[in-house]
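Number of protein chains: 2
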Amino acid sequence: MDYLQIVEQIKKKRSFLCVGLDTDITKIPQFLLDTEDPVFEFNKQIVDATSPYVIAYKPNIAFYEADGVSGWKTLEKTINYINLLHPDIFIIADAKRGDIGNTSKMYARAFFDKFNCDAVTVAPYMGKDSVVPFLEFKNHWVILLALTSNDSAPDFQFIENKQNDKYLFEEVLLKSKPWGTKDNMMYVVGATQAKKLKKIREYIPEHFLLIPGVGAQGGNLQDVARYGMNEHCGLIVNSARSIIYAGQAHDFAKVAGVKAREMQQEMQKLLQQKGIV
Amino acid sequence: MDYLQIVEQIKKKRSFLCVGLDTDITKIPQFLLDTEDPVFEFNKQIVDATSPYVIAYKPNIAFYEADGVSGWKTLEKTINYINLLHPDIFIIADAKRGDIGNTSKMYARAFFDKFNCDAVTVAPYMGKDSVVPFLEFKNHWVILLALTSNDSAPDFQFIENKQNDKYLFEEVLLKSKPWGTKDNMMYVVGATQAKKLKKIREYIPEHFLLIPGVGAQGGNLQDVARYGMNEHCGLIVNSARSIIYAGQAHDFAKVAGVKAREMQQEMQKLLQQKGIV
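Protein chains in written order, with our numbering: chain R, -8 to 268; chain X, -8 to 268.
Isolated chain R, as found in the complex:
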């Protein structure tokens, strides 16, 4: 998918919601444990119930990898299911990969060629040659970590560069910007850091931002839109736990759908206020 196709989806669905498929077998409804592949069954029902309200799904790769080979099979089935039924929904492999060039190329092949994801999250620590191999896949995206939503994000991301007084996360934005374009790069900016979005938008006015941390991690959607939305929306807001685990009974998927719809409606208002829809 390209930039305009994502914008098109946002307008069509009046939503910029991404649902995180952080599916933990210990947190899904008990009755699913009798099915052949409980995590896939859970994902399938969540997708069926939430797809009208979302523009993206973001499987968190660790949750599948933790189950070894069979977890990877479940991931593959989940992605294939989404791609088959909802080819217009953007799929983000939240993998936080990144390595020396020839190795990053292998990770890009894994997520783009083998698993048919549209985007992959990448960690910036190793610099340009660890990121560029992902950018060489046409119509696929790198989502580079800039400012994350976790408590320890400041440990290194807030180190100030002696040369120019910029924080490390600002250096990541500024230095990486010319590696790609707004058509193949996005950035992760935690919703818990919403006020930083204003400054970030000065550096990268056009790029899409993937915003995790709305919901269970405490971020606020209004603030994110106020400081981060641009004329094409430019936001993909992820919510995982507060949607997918909202219900624990047989109607868990329906409850998740209701939660997703609530967020979509809040998003619709924000898009209307900005004149995007």
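Keep in mind the hints are simulated off the structure, nothing from the lab. Hints should not be assumed to be uniformly reliable.
Since the list gives no way to pick out one identical chain from another, each pair is judged satisfied if it fits inside one copy or across any two copies.
[Stated by the list, open to error] Within a straight-line C-alpha distance of at most 27 Å, the following computed BS3-like cross-link-like pairs (lysine-lysine) qualify:
hint, residue 1, residue 2
1, K35, K96
2, K64, K119
3, K187, K2
4, K18, K129
5, K119, K18
6, K18, K96
7, K173, K265
8, K3, K260
9, K18, K35
10, K18, K68
11, K187, K245
12, K2, K157
13, K153, K189
14, K168, K157
Fit chain X to the supplied structure of chain R, relying on the hints for placement.
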């Protein structure tokens, strides 16, 4: 394996060599392509030929992940083979993972519980809570990226902190040191940066360092030992391409064994000079 067991292996084998299993199906001898699982067959023969000279193997996870579910099966078979035949050899999952706490815990489960690796490489960008979950697995190791061997390493790793004039990679060493101990943490320091090792040893005199980049990437073993070796050796030097792809004929494994032995003998001299063996 604990610190002393690794030191014991180094003394016994008179080696601190790690062989990187960066196995790329397009680079292995052609005749192996007729076997059921060419990458596993290659790894098996490489392990059989090199195990007398190594204390560690380091599968590069990207090379397996690139082949999807079947790649993960090959990885699992390879690790099981090493653990079964060579329980004293340390296995490093070169995965460069790292995410928010509950997600890092999933990655730790993947590599420590499911795939039975001894250690996993972790990227530091997200700070303490992305690293600590790996440290909670007894007798397992985090190998944190500090100074990497790739050309773009300086992009961010050499940013100087305004507060104390330290480079980012030095901040990573200093800030992360109290998160663990010399018994559950090591650091990645590229061999291409050998002269930086002297300073690094002032910060972390005791910790083991995993040194990639000797061989194909241009690092020099003498320099690494001169600046980085401590009284317990404290070094695990990785070499991948220059050993595993040294031969391309039917005797490729034998050739790899000869190369590994050459490195072991060079290492033995360095250990003797230091009075360790």
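Item to check | Copy assignment of K64 with K119, given that the CA separation must stay at most 27 Å | outcome: neither (32 Å within a copy, 31 Å between copies)
Next on the checklist: Reference check for the pair K18 and K96, CA-CA at most 27 Å: within, between, both, or neither?
Outcome noted: between (34 Å within a copy, 15 Å between copies)
Next on the checklist: For K35 and K96, with the copy left unspecified, which applies at a CA distance of at most 27 Å: within, between, both, or neither?
Outcome noted: between (30 Å within a copy, 25 Å between copies)
Checklist entry - How would you label the pair K18, K68 (within, between, both, or neither) given a Cα cut-off of 27 Å? => result Result: close within a single copy only, 20 Å intra versus 30 Å inter.
Next on the checklist: When Cα atoms must be at most 27 Å apart, do K168 and K157 count as within-copy, between-copy, both, or neither?
Outcome noted: both (15 Å within a copy, 25 Å between copies)
Item to check | Copy assignment of K187 with K245, given that the CA separation must stay at most 27 Å | outcome: neither (35 Å within a copy, 57 Å between copies)
Item to check | Homomeric proximity label, K187 with K2: Cα distance no greater than 27 Å | outcome: This pair counts as within: shortest intra-copy Cα distance 26 Å, inter-copy 53 Å.
Item to check | Intra/inter-copy verdict for K2 and K157 if alpha-carbon distance must be at most 27 Å | outcome: Neither. Shortest intra-copy (35 Å) and inter-copy (47 Å) distances fail the 27 Å Cα cut-off.
Checklist entry - At most 27 Å between C-alpha atoms: does K173 with K265 qualify within a copy, between copies, both, or neither? => result So K173 and K265 pass the 27 Å test inside one copy only (20 Å; across, 54 Å).
Item to check | Within, between, both or neither, where K153 and K189 count as close if Cα-Cα is 27 Å or less | outcome: both (23 Å within a copy, 23 Å between copies)
Checklist entry - When no copy is named, should K3 and K260 be tagged within, between, both, or neither for a Cα gap of at most 27 Å? => result within (14 Å within a copy, 69 Å between copies)
Checklist entry - Is the C-alpha distance from K119 to K18 at most 27 Å within one copy, between copies, in both cases, or in neither? => result between (38 Å within a copy, 25 Å between copies)
Of the hints listed earlier, those the structure fails to meet are numbers 2, 11 and 12, in rising order.
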